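Visitor: Sequence:
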Amino acid sequence: MEEQVELIVKYKNYFDKLLASSTAPAKIDETNVYEKANPVPRKILYEMLAENHLPGSRIENKENFKAFYDAVQSGKRGLILMEHYSNLDLPAIIYRLEQEEEDWAKDLASRIVAIAGMKLNEAHPLVRAWTEGFTRVVVYPSRSLQNVLNSDASEEDKKAEELKAKKINFAAMRAMDACKKRGEVILVFPAGTRYRPGVPETKRGLREIDSYLRLFDVMILVSNNGNCLRINPADTENMMRDLVCKDEVILAASPVIECKPFRNEILAKVAEDDPDPKQHTIDRVMEILEEQHNEIEKIRHAH
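Here our numbering is used: the first residue of the sequence shown is 1, the next is one more, and so on.
If you're looking for bench data, these hints aren't it; they were derived computationally from the structure. The structure displayed is predicted, hence computed values, not measured ones. Ideal Cβ placement from N, Cα and C applies to all residues, glycine included.
Below, simulated DSS-like cross-link-like pairs (lysine-lysine); rule was C-alpha separation at most 25 Å, straight line:
#  : residue 1 : residue 2
1  : K260      : K180
2  : K76       : K62
3  : K246      : K12
4  : K66       : K181
5  : K106      : K43
6  : K43       : K17
7  : K76       : K106
8  : K66       : K76
9  : K106      : K66
10 : K62       : K106
11 : K246      : K10
12 : K36       : K119
13 : K260      : K181
14 : K166      : K278
15 : K180      : K76
16 : K27       : K166
17 : K36       : K106
18 : K158      : K119
19 : K10       : K119
20 : K159      : K119
21 : K260      : K278
22 : K298      : K203
23 : K269      : K203
24 : K27       : K119
25 : K62       : K246
26 : K181      : K167
27 : K298      : K246
28 : K180      : K166
29 : K36       : K17
Have a look at the derived ranges for each label pair, beta carbon to beta carbon:
#  : residue 1 : residue 2 : range
30 : A50       : R143      : 30 to 38 Å
31 : K269      : E30       : 37 to 45 Å
32 : E30       : S154      : 21 to 29 Å
Construct the complete structure from the given sequences, taking the supplied hints into account.
Guide: Written out as structure tokens, the structure reads:
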């Protein structure tokens, strides 16, 4: 059994530097949804990845990443949908692309802008500092809003929260639009949360992803095998108690998919009286990711 140490214990020596370098807002509103990468935490995260990615960690199906890059270079609006296991997933894909020799891979890494939930800014100063290493557009996740609406908060508070969510997400859409115009690519975790073993609903795709398919021209689906930061069963909510371990990490891309034909083909098969046609498109995305994940897992365990 490989050694697993809590993040807060293992990397305590970085905390002062991380907190001192942090400039991101602790509260998100419609004025600060676009956050540029901060190089200090990025460098620290890369040190962690270098220490914990075992030999054999790599980008797989590199030709698919290259075809996607070429499509974006030709003016197509590009979307990456990626499996989500930990807060090291985003750093891992950018780090591994940067490790490649080819200039196009490094350039693709520099163009990735992630969609991130507010919790990463608001939950804990250290989580916020960690998150700052990468450029992102912050959204108010539908799951979080649903939790407020289902709580025993007053009607007035619920209405205020709904308005806040609407303002933040409208600003996020505008920021995302600006990213696309600059030739940046948007990376989204379609499940909207990290996968928790034994909790299958955390791997279910969010129906809002359907609207991303309408806003982009091409996408790749990136599966994520191997994980150096695992959710701690003793405390699944506190990200600072996640467990650090060494692992072989393989990030694989599907062939480039044209978003609109993909979406139209699925919707054409949905019954007219289906109560939620949008869910079918994202369910198919999650199926492809699962198939890809299982294929890579066979390779990973074969040697």
